[in-house]
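> These are the residues of each chain, in order.
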Amino acid sequence: MLNNRIIEPPYLATASGLLNLVKHTRPWNIILVLIGALAAAVAVAWAMGRHTSSASAGSPHPGPDASYDQTLVAKGAWLAAIGNCNTCHTASNGRTFAGGRPLSTPFGTIYATNITPDRETGIGSWSASDFLRAMHQGVDREGRDLYPAFPYDHFTHVANEDVNAIYAFLMTRDPVRAKTPANRILVPRPAISVWKALYFKPGPLAPDAAHDASWNRGRYLVDGLAHCGGCHTPRNALGAEKEREDLAGGTVEGWRAPALNEASPAPSLWTAEQLVVYLRTGFDAAHGTAAGAMAPVAHNLSSVPEAEVSAIAVYIAARMAASAGARATAAGNAPGSQGAAPVERSARGDDARQADVRPAKDGDAIYRTACADCHDGGRRGIALGYSSSMTDTTPANLIRVTLDGIHPREGEKGELMPAFRGALDDTQLASLIAFLRARFSRAPPWQDIGGEVAKAKRERESEDRKSS
Amino acid sequence: MITLNVNGKTHEVDADPATPLLYVLRNDLKLNGAKFGCGLGQCGACTVMVDGEAVYSCLTPILLLQGRSIKTLEGLGTAEQPGPLQQAFIDEQAAQCGYCIPGMIMRAQALLERNPSPSDEQIRAHMNAGLCRCGTHMRILRAVHRASKTMQGAIPGAKRA
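Chains as they are written, first to last, in the working numbering: chain G, 1 to 468; chain A, 1001 to 1161.
Chain A with its partners taken away, still in its complex shape (with noise of 0.2 Å):
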């Protein structure tokens, strides 16, 4: 048994160590934010964020996470009750299908969270490592700078639901 800290609960994982914590997200802890894209790193779908950096999930076993904090898309907020990132990518409309946004939204909040008001250079940089195929890269950067305005002062989490 491994034990894991997801949004702050934890939870004993009765999985072999060398398992993607994406694949134990979404198959024993039913946290579907998390896609599955390339399952290689290189697209970001899958981005979660581990002790406040943004990380590929289908890459990291859970034997690297005991003790950790993990925290994935479901922790910034609800449908209800979006978190400041998630109701700037809304304003801006910044999803097109939507399969990278929960991915790009964890990349962005671990941005935010240690530089709280970045630059567009350095945003961009960030957020290099997150393929989106529809395109919305341009709404996706407004929303970023958008939520960068939004949140100062109020991160890390103050809104969390």
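Chain G extracted, bound-state conformation (with noise of 0.2 Å):
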């Protein structure tokens, strides 16, 4: 019974459903509606007794739907929380999963669309089946291909009965009307077939028999649902992420996502309960914050249970460690042993790299003043040595921390580092850029750091021009 009510949810044998027909129902139609009101009443009656959890005495989805298991809503929440569907799905300042947040792409903008229960501008009218195909074949309600900034080549993995808990969950949330604007984008609809057959591989994973359970239920919620590639895996030039580069590192928003697998760029080398830490809190001593699109993801997995936070840590802390070599060969540093201690070395005198010299001197200068007060010393910062932002292929991250800081969440306690945009120029920025690469890793200069200043600038600009 449970099951049927969530493929097809009886619509129209509730009693508000029929107050609705009979307002918009003409005067001798009514009586044969309130016989069947009657009839409903009945039926409601007998299913209360059978399931009272399950009596359903509202309209479609008005509102919270009591005929949903609460159990399944639960854990609904918990992996809708897991698949970060409210970043996606929630416009800034918008109503939570009535969609709207423009996702920039290099083909054009798409916007999130409204996954709120809402008949006309949501997903009220899809069944659970409809949401079940859309979720494992990339297609809408009217089995339209949906584009690919919806991860259907990760949501294909996801077990039934798991994407049936999201329905159940989604589908017991206010509904809001709110249309969804028309994507901006250059690829044709028809296109998105002929990139479903290069690269879109549906189907569930098989377990690995040679991992334990909880790798293995890590594995399944990194690749399926949690789309940890949708960020950290690098993309070709059609969008799909490649392959052989899962979780190698990739960019989102301007920020770098740092690969994830053996060539993680973190000083320290990540042990499952950190990563449990981090995942939960937004922060780890040994690592620092989760800032970026990073910092949703964790505030989402703060309400999830341990169980399913552990056990990805335990698939990303395997991955990570996969080879030690390779790690030490990709982040400069001494090889990877557990908790290996971050690389301070000075930036004068004879290890100073000769392309840098001038920059790291006044970087030098630079980082004394300003940043070494929190920065050195034991205080409040994190010391600089254990970021992989100093570590990583790009400074992308370095440069937006240092020109926008870190701020909790809204209300929330949470790590705090000031905004040191406009504090700096660009050229004082590069040079101390340049130098706390030098000091606080061993990999070699990055170059063209100025490009990556400005094309942090740029992206505040198209900001203010967004509503001016």
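What the hints contain is simulated information worked out from the structure, not anything from laboratory work. Misleading hints may appear alongside valid ones.
Said to hold, decoys possible - Simulated crosslink set (BS3-like; lysine-lysine; CA at most 30 Å straight-line):
{"hint": "1", "chain 1": "G", "residue 1": "Lys457", "chain 2": "A", "residue 2": "Lys1149"}
{"hint": "2", "chain 1": "G", "residue 1": "Lys242", "chain 2": "G", "residue 2": "Lys196"}
{"hint": "3", "chain 1": "G", "residue 1": "Lys201", "chain 2": "G", "residue 2": "Lys242"}
{"hint": "4", "chain 1": "G", "residue 1": "Lys201", "chain 2": "G", "residue 2": "Lys75"}
{"hint": "5", "chain 1": "G", "residue 1": "Lys457", "chain 2": "A", "residue 2": "Lys1009"}
{"hint": "6", "chain 1": "G", "residue 1": "Lys196", "chain 2": "G", "residue 2": "Lys179"}
Could you use the hints to bring the two separately framed chains together as a complex?
Below is the structure:
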């Protein structure tokens, strides 16, 4: 009975659904409707007698729908948090899940859709099988291909029972009437089928018998619902994740999403325990703060049962530790035994890189006067030798954190660093970045720091233009 | 000696390059508009403008400021002849105790100089970095909106004292 309800909610056989019918029906039809209502009332009373928890008394989806099992809804809530659904499907200052957030891609701007149960503008008229098909096959209710900005290349791995739990969760949210703006994208919809033929591999992942249940659950979540590769795997020219570079590091909204495989730039090898703390609180003392697009991910995971986050951590930690040798080469660090000391070396004297002598000298003075008060000598800020922003392949994250700081989520406690945009001019910022790289990593100097600084600054200019 | 350009005037300052700008403004130059609040770049009471950007003067060493253009509250107008943004704060009675207001004004000035007609959302996002314990935020927002209207076409600094 319960499963049937999830597949096809009984839209019409509900009391207020009938009331709506009455309102919009000619008088001579009302008598028929009343007979129907009586029959429905008997049916509902009978159902309540059998399944008190699944009694339905609401119109299709005008609000919390008691016809769904609450355990299923609760599970759907944490699975939706793992899936990070709210981050894309909520506009800035918009209602949760009501869509409208623009997603910039190299092919144009796509607006995330309304996934509240509103019948007109959301997914209120979607059945569970429509929803399952969208998650597994990447098509909408009418069967049209969806743009892969919706990560069905990952969601296709999610088990039916988990998809059904998410459906139950979404269908019990408040419906919000919010029409999604039209996409501004250069790729016509029919072209998606070509993309799918090339890159989309539907179906579940086979468990790997060589690993334990926790690792397998972790891989299931990471490759499936959590779609970590969406940001942490590099993409090809057609926007598909490069299969052979799974979790090798990518770019998202100007930020670098560091490699989560053996190429991880973390100066100190992550343990699964540290990852759990980081993923659930947004901070780990030996690695730093979840910033940029990772901040909402950590916030979502704070509401997820620890066992699920643990599984993710076990899998990711195993991927990072896969090859200590490769890791050392990539990060330019000493071979990463657990808890390896972070790099800190003097930029003055023999080991200063020649190309950087002048910037390093200026950068050193800037570091001592503007940064060291917090970041040196065991005071408030994280010791920078622990930060993968220093050791990663691009200075994107270091530049963005220096310009805009780190801020806790509105109204909550968290790590804080003030913004230094304005305090440093572009030349000073570039000198500081070059110095930090030389002092806190053994990796080669970054090329084109100036270009990255200019890119980061252009982002705010385009923000300014939005509604002025 | 470090040379600082404050409100269009050049000053030779004999201070350690690590000295925060706020101390130099208040103690050496006797410009007391900017206030010491938290000293950690979290409250915004010390905010001034450097090259058009809002900056926490309590965190900014003067080492960084040689040859750059610093503007403080005193650079926007006087008690007798307030600038348009200051006038908007007066018109909206946006100050209660007033301690945060110099920083709020300088932060708003930086926004209006680069974006003369910001949306309410943009004003809120930009002003988020300033704290007011009296709770006059709604009046502050109204003052910024008002100034955005009165300053249209008259910025930057046409009415400078």
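> Work down the list of hints and note, for each, if the structure agrees.
Status of the hints after comparison with the structure:
{"no.": "1", "hint": "G:Lys457 to A:Lys1149", "result": "27 Å, holds"}
{"no.": "2", "hint": "G:Lys242 to G:Lys196", "result": "14 Å, holds"}
{"no.": "3", "hint": "G:Lys201 to G:Lys242", "result": "13 Å, holds"}
{"no.": "4", "hint": "G:Lys201 to G:Lys75", "result": "27 Å, holds"}
{"no.": "5", "hint": "G:Lys457 to A:Lys1009", "result": "29 Å, holds"}
{"no.": "6", "hint": "G:Lys196 to G:Lys179", "result": "27 Å, holds"}
Hint compliance for this structure: no hint is broken.
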